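Number of protein chains: 2
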Amino acid sequence: MSSPLRVAVTGAAGNIGYSLLWRLAGGDCFGADQPIILQLLEIPQVMDKLEGVVMELVDSARPIVHDIVATDDPRKAFDGADYVFLVGSRPRTANMDRADLVAANGPIFVGQGKALNDVAGSDVRVLVVGNPCNTNAMIAAHHAPDIPKHRFTAMTRLDQNRACGQLAAKAGVPVADVHDVVVWGNHSNQMYPDVTYATVGGRPALRIFDEAWLRGEFLQTVATRGKAVIKARGASSAASAASSAIDVMHDWYHGSGGHMVSMAVWSKGWYGIPDGLICSVPVRCEGGDYEVITDLELDDFGREKLDKNISDLSAEREAVADLL
Amino acid sequence: MSSPLRVAVTGAAGNIGYSLLWRLAGGDCFGADQPIILQLLEIPQVMDKLEGVVMELVDSARPIVHDIVATDDPRKAFDGADYVFLVGSRPRTANMDRADLVAANGPIFVGQGKALNDVAGSDVRVLVVGNPCNTNAMIAAHHAPDIPKHRFTAMTRLDQNRACGQLAAKAGVPVADVHDVVVWGNHSNQMYPDVTYATVGGRPALRIFDEAWLRGEFLQTVATRGKAVIKARGASSAASAASSAIDVMHDWYHGSGGHMVSMAVWSKGWYGIPDGLICSVPVRCEGGDYEVITDLELDDFGREKLDKNISDLSAEREAVADLL
Chain A
1 MSSPLRVAVT GAAGNIGYSL LWRLAGGDCF GADQPIILQL LEIPQVMDKL
51 EGVVMELVDS ARPIVHDIVA TDDPRKAFDG ADYVFLVGSR PRTANMDRAD
101 LVAANGPIFV GQGKALNDVA GSDVRVLVVG NPCNTNAMIA AHHAPDIPKH
151 RFTAMTRLDQ NRACGQLAAK AGVPVADVHD VVVWGNHSNQ MYPDVTYATV
201 GGRPALRIFD EAWLRGEFLQ TVATRGKAVI KARGASSAAS AASSAIDVMH
251 DWYHGSGGHM VSMAVWSKGW YGIPDGLICS VPVRCEGGDY EVITDLELDD
301 FGREKLDKNI SDLSAEREAV ADLL
Chain B
1001 MSSPLRVAVT GAAGNIGYSL LWRLAGGDCF GADQPIILQL LEIPQVMDKL
1051 EGVVMELVDS ARPIVHDIVA TDDPRKAFDG ADYVFLVGSR PRTANMDRAD
1101 LVAANGPIFV GQGKALNDVA GSDVRVLVVG NPCNTNAMIA AHHAPDIPKH
1151 RFTAMTRLDQ NRACGQLAAK AGVPVADVHD VVVWGNHSNQ MYPDVTYATV
1201 GGRPALRIFD EAWLRGEFLQ TVATRGKAVI KARGASSAAS AASSAIDVMH
1251 DWYHGSGGHM VSMAVWSKGW YGIPDGLICS VPVRCEGGDY EVITDLELDD
1301 FGREKLDKNI SDLSAEREAV ADLL
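Quick mapping for you: the protein sequence lines, in order, are chains A and B.
Quick note on numbering: my numbering labels position 151 of the first sequence as 151, and the sequence is numbered without any gaps.
Just add 1000 to wherever you are in the second sequence, counting from 1, and you've got my numbering.
Simulated from the structure, these hints should not be mistaken for lab results.
Everything numeric in this text was worked out from a predicted model, so none of it was measured.
We put the beta carbon where it would ideally sit given N, CA and C, even for glycine.
Hints are supplied without guarantee of correctness; some may be wrong.
[To be verified] One-sided and incomplete, this derived list gives chain A residues near chain B with beta-carbon spacing under 8 Å:
| id | residue |
| --- | --- |
| 1 | Gly26 |
| 2 | Asp79 |
| 3 | Asp82 |
| 4 | Pro145 |
| 5 | Gly165 |
| 6 | Asn189 |
| 7 | Leu219 |
| 8 | Arg225 |
| 9 | Val229 |
| 10 | Tyr253 |
| 11 | Gly257 |
| 12 | Gly258 |
| 13 | Arg303 |
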């Protein structure tokens, strides 16, 4: 057996955490034979609940779970961590607009960035799920100067997966047949699911779906999917968010099988995205790392969509300027 | 790719279902490359919620999920099913004792047994998770005369896993080092977790733990674990129950690696258990089937415990005699 990976999860007693932990314990992320040590962080107010989650993890007797740490101290949770899921964040409450949400979450990610910088493993990889995830990731990365910026990503994979699900349903094929869908931009209802390079059953998506549907109903469905799930299920997306987080880290660790996937990463200026914005772009994962695909062509529609996202992300950065 | 397995889940919009579905979709049960068709059953009152769960499954874009059926008709949910998780049941409410619970659930499992008999796949295997699971399984099996009785099991694996978790914690070793713990009897607080043949890190458990602890605190902790989880987490065990259900079906499908595991199965009279009670016994799984290990010795303490379980299960059978 290989030595255990240290996997940290924040917001571990929340609903996404509850789904995520058992997918990790099931071996879905790093492999069915790869031991892991779960390092779980919560806020002091819900440590009782986290203790209940730990009891259930113990009760699951998962052979790959080598040990479990539960703490309200980020420096303990991130100690030596190889892979970090930053799931916990302040949720949006009534009368809060996106700027308020950005401002409310900023300080959390300042502290977590600093703790990661001080104690995380030297090869740490960090996925931010807690919203507004792009800007939260930017703040954390900013406060972890010793960790290379490309080791932080924010999650737009749920948008990608939602897009793939809609394409498969529309075409009447299993979703395994859908590849190379790319989400550009911010994880918000402005993100742009781009099928220009996508294939469905080996055929170009652009030959299968008509433009009106792609730019209309499809885009709208993906953008508003979170609300639709809340309406139907009576609770926000949890298992699908956790599943998408597993997908990101799985691909980062195992590779994306030659396919393009979406990761929001620290921009180096590609596609006209200002340096240092965390913006979703197409990547390929291989050998434990990812490479941004920098030479795709965006048509006018896509360019306009990306520009809107750049503008939004720039505004979010302005809103937290005092934290940077 | 092999052809998809049809996997039916009842109570699919409940909390255990919500955990279970993504473990199935993650490939934890039948394998990361084995396609599945999920056939989900719920009661009419929560079909909206089930629709939300299906939306999230679609949004997870799991490549092995070939198709999803959501219905309130058992005959559709079980149609051609290869593996069936009977999770849904009437929960116990205030002022209900166990006999009331047995009586309230019986009719559900009469109907589901008949539907399984009529439409399930010819090799169907059925795991009953919904409580009182032993007696529910007996009722379902009784009403499915064309399905061999040994294809029904009730879940005592959660008790086994809880026991393994406690032994590992006490010994200070990863739970992967604990093997051959056997749970006897009913899935109730009377079940008996037997470590007579168990090993921990290759050493006999009986040489590691003292008898007073095994018969006292250990037994008590495992028996009352469900309540302790509710107290800590504010909700009943869901992910650990789902994980144990995955373990049962995983081992039934892939084998138990030469180890003994616990399954509550239709008795043929072994260990003095009356014919036709569904009672947990040690089994080994191999080649897609299980074999009951019929030659273990029970000491006086264990015999007494098993006899108490036999007495309880017989009383439960009496309580549903009109359904048999």
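Contradicted hints - numbers only: Violated: hints 2, 3, 4, 6, 7, 10, 11, 12 and 13.
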